[in-house]
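Undergrad: Place chain B on chain A using the hints.
The listed protein sequences derive, respectively, from chains A and B. Residue 213 in our numbering is what sits at position 213 of the first sequence, and the numbering runs on without skipping anything. Residue 322 in our numbering is what sits at position 322 of the second sequence, and the numbering runs on without skipping anything.
Hints listed in this document are in silico derivations from the structure and should not be mistaken for laboratory results. No residue lacks a Cβ here, since even glycine has one placed at the ideal position from N, Cα and C. Be a bit skeptical, because a hint or two may be false.
Derived lysine to any residue pairs resembling SDA-like cross-links, with alpha carbons at most 25 Å apart [claimed, not checked]:
1) K294(B) - Q263(B)
2) K132(A) - K85(B)
3) K294(B) - M78(A)
4) K143(B) - E187(A)
5) K132(A) - E84(B)
6) K132(A) - R89(B)
7) K85(B) - Q10(A)
8) K85(A) - R331(B)
9) K157(A) - V142(A)
10) K85(A) - R97(A)
11) K85(B) - H307(A)
12) K157(B) - I217(B)
13) K85(A) - P278(B)
From the derived model, a few chain B residues whose C-beta atoms are all more than 10 Å from chain A [claimed, not checked]:
14) D2
15) G101
16) E146
17) H271
18) G304
19) E374
Number of protein chains: 2
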Amino acid sequence: MDALDQMLEQTGGGGFVAFGSSADANVRYLTQFTSSDPVVYFRRKGERGTIVVSQMEARRAAGESSVSVMTRSEAGLMDIVRVEKDRVRALAIMITRQVEGEIIVPANFPLLLAREMEQFRTVRADRNTVEKMRAVKASQEVKNIEDVQRATESAMKSAIGLVSRATIRKNVLYRGSVPLTSEFVRESMQRVLVGAECHAMETIVSCGEETAVPHIIGTGPLHAHEPIVIDIFPRSERTGYYTDMTRTICKGEASPEVREMYQAVKGAQAHAAERIRPGATGDEVHQSAVDFFKECGYESGDRGFIHNLGHGVGLEVHELPSLGPGGEPLRAGNVVTNEPGLYYPGLGGVRLENIGVVTQDGWRCITGFAEQLEI
Amino acid sequence: MDALDQMLEQTGGGGFVAFGSSADANVRYLTQFTSSDPVVYFRRKGERGTIVVSQMEARRAAGESSVSVMTRSEAGLMDIVRVEKDRVRALAIMITRQVEGEIIVPANFPLLLAREMEQFRTVRADRNTVEKMRAVKASQEVKNIEDVQRATESAMKSAIGLVSRATIRKNVLYRGSVPLTSEFVRESMQRVLVGAECHAMETIVSCGEETAVPHIIGTGPLHAHEPIVIDIFPRSERTGYYTDMTRTICKGEASPEVREMYQAVKGAQAHAAERIRPGATGDEVHQSAVDFFKECGYESGDRGFIHNLGHGVGLEVHELPSLGPGGEPLRAGNVVTNEPGLYYPGLGGVRLENIGVVTQDGWRCITGFAEQLEI
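Looking at chain A on its own, in the form it has when it is part of the complex (with noise of 0.2 Å):
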């Protein structure tokens, strides 16, 4: 009996309806399916579940998925849709037949769907327990996530190598005789990730000035003496996980403020990755960065540490749980990034993140890669 079974259990709800292509990742995770046209998932109270798929996905679909599988044709569809000729009512249609009672959808269902199964049955929309069980790992999951992870090490070398063997002329870097830019460094990083099955959109490769806006990906030739910023969080094309890491290098020697703001850094990495366990709140441990960096003299909030010290990974890149304001207590198989960063326009930004698996007793940091600011 899981989650689901007992939210089920606990509104009295008569089954459970996921819709949505394995974009969705409540969707991908349900079903173990994936399928860029939408399906459906439903379950009802007591039972396991069973996705809807078109005839056409049928035998896919039962090779490939841990649910029962239904086609359309067998769910009633084709008989609907003779005397139903809005698409969004026969789904709806096909829906309330195969299962009795209120149903509960996940927050993200689609509104006008849901508006549809309404003239048939109450619908009720949960909170989050699919995305609360998603953001407790099974160890196949954590495997997952250690795949993409070695593969982003190997990108995140060769990224780091293109900067170590880059020659400088005033202040640009050169490989060769062209000088070195983001786009070029975050296409070798994508093409060490094709060779791994593994996919990274909307790569940080920043510098300078653009550092200190934390969501800037950067364009252009890269500088020495100053930080620049390779922020990667590439996913598996086979399994669907992603992993998440970020490193800050200099080619050359960084300015004392850099130098001084990457100690803090690190250092209130290291005194958060000892506070993440079970039992902690992802609220307790962004709070210990908040405090470590106040030692250190650096604020936070509207400057300084700007974001949240960490957040959940699995099918998305940012899922449950949250180490920020709020942030629930952890549990053992949470598998959630340490990244605090510094930023202030003038003199650039900085970031480090690791990624790790909340253990028993702790959390044991998946991410095997040297931080080093100057190469």
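TA: Then chain B, alone, in the frame of chain A:
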């Protein structure tokens, strides 16, 4: 005044609100902003749109987005969360303070957020106003699709080159001393795409019996004298636009049955291409392919031609309009695929897919790549 303004005018809605990351095509289309975290988009009646982003994203949003930018603080969220601890409710309060009167949201708007907004305001689910807007492409959007199609043709060329250069031993294709596999061909295509900042998910490289099931992606060594279906739908990382392309090839001589199927598919594609024009319905164009296949002695439905003739392509790989049963009238600016296919377990499958734009009086094929079965 665009279709969204007209919809607000007709429904009497006070404003339109969307919510999501740029993985949501409607949000990306309306905001022209890429974000892996969700943003709120709202448009009050008679005004241009606004996005609400975190403080951290404000600068980037102002640079990238085509609409007004407001931070969550400016939208009052920080004040609201002081009294309202529930995050979804706080967001609902923030949204309902920005828009007066009835609020219209997209069909896929998250149910829980809608429920919270309904505490304060009537919320109505729109059916597909934005999806219909997205179906008619501006010239820049067509150019975005053409760009990713060019990269895709390079990738297809490299894939076909691998098959063409392969040697045959006991009917298995070899690349030097190792069998040429689906996986290798897929990876080689991905490598070509990386150089053009494009990326393909779930590329199909299926062979033999696998090809009879359109959505099996294919695994293991490729074989001579059997159909090989290569179906790739990459997306530009920069613009977010997709394309979609399929070729069926055979190393060496194909069976007479597969040759005949190939000729019929090619014929159906040419036949349908002449029927795609403004005013023709997607239903009619699909039916023209069904009729053509019937003339050639092939069934449609459960066997033979078992899927739709085509679909719109843009920020989603499957979007409006549909070239299938129930498909609505086409309009100039629609970008649609033309992809007839035949599938027979025991014999295999053949599919050919081009993409093109509906013009004032016909259809301009964007795909510029030969169709040849035996290589």
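Undergrad: CA of K143(B) to CA of E187(A), is that 25 Å or under?
TA: holds (23 Å)
Undergrad: Given the hint that K294(B) pairs with M78(A), does the C-alpha gap stay at or below 25 Å?
TA: Judged against 25 Å, a Cα distance of about 22 Å means the pair holds.
Undergrad: So if I understand the rule, the pair passes when the alpha-carbon distance is 25 Å or less; does K85(A) with P278(B) pass?
TA: holds (24 Å)
Undergrad: Compare the distance between the alpha carbons of K85(B) and H307(A) with 25 Å, and conclude whether the hinted pair is satisfied.
TA: Since the Cα atoms of K85(B) and H307(A) sit roughly 19 Å apart, the hinted pair holds (cutoff 25 Å).
Undergrad: Quickly compare the C-alpha distance for K294(B) and Q263(B) to 25 Å and report which way the hint goes.
TA: holds (14 Å)
Undergrad: Mind checking the alpha carbons of K157(A) and V142(A) for me, to see if they're no more than 25 Å apart?
TA: holds (22 Å)
Undergrad: Could you check that no beta carbon of chain A comes within 10 Å of the beta carbon of G101(B)?
TA: holds (18 Å)
Undergrad: Was D2(B) rightly flagged as not at the interface, with every chain A Cβ beyond 10 Å?
TA: holds (21 Å)
Undergrad: K132(A) and R89(B): Cα distance at most 25 Å?
TA: Holds. K132(A) to R89(B) sits at ~19 Å (cutoff 25 Å).
Undergrad: So is H271(B) really clear of chain A, every C-beta pair being over 10 Å apart?
TA: Non-interface label stands for H271(B): nearest chain A Cβ at 23 Å, farther than 10 Å.
Undergrad: Straight-line Cα separation of K85(A) and R331(B) no greater than 25 Å?
TA: holds (22 Å)
Undergrad: Hint check: K157(B) vs I217(B), CA-CA at most 25 Å. Holds or violated?
TA: holds (19 Å)
No hint from the list above goes unmet by this structure.
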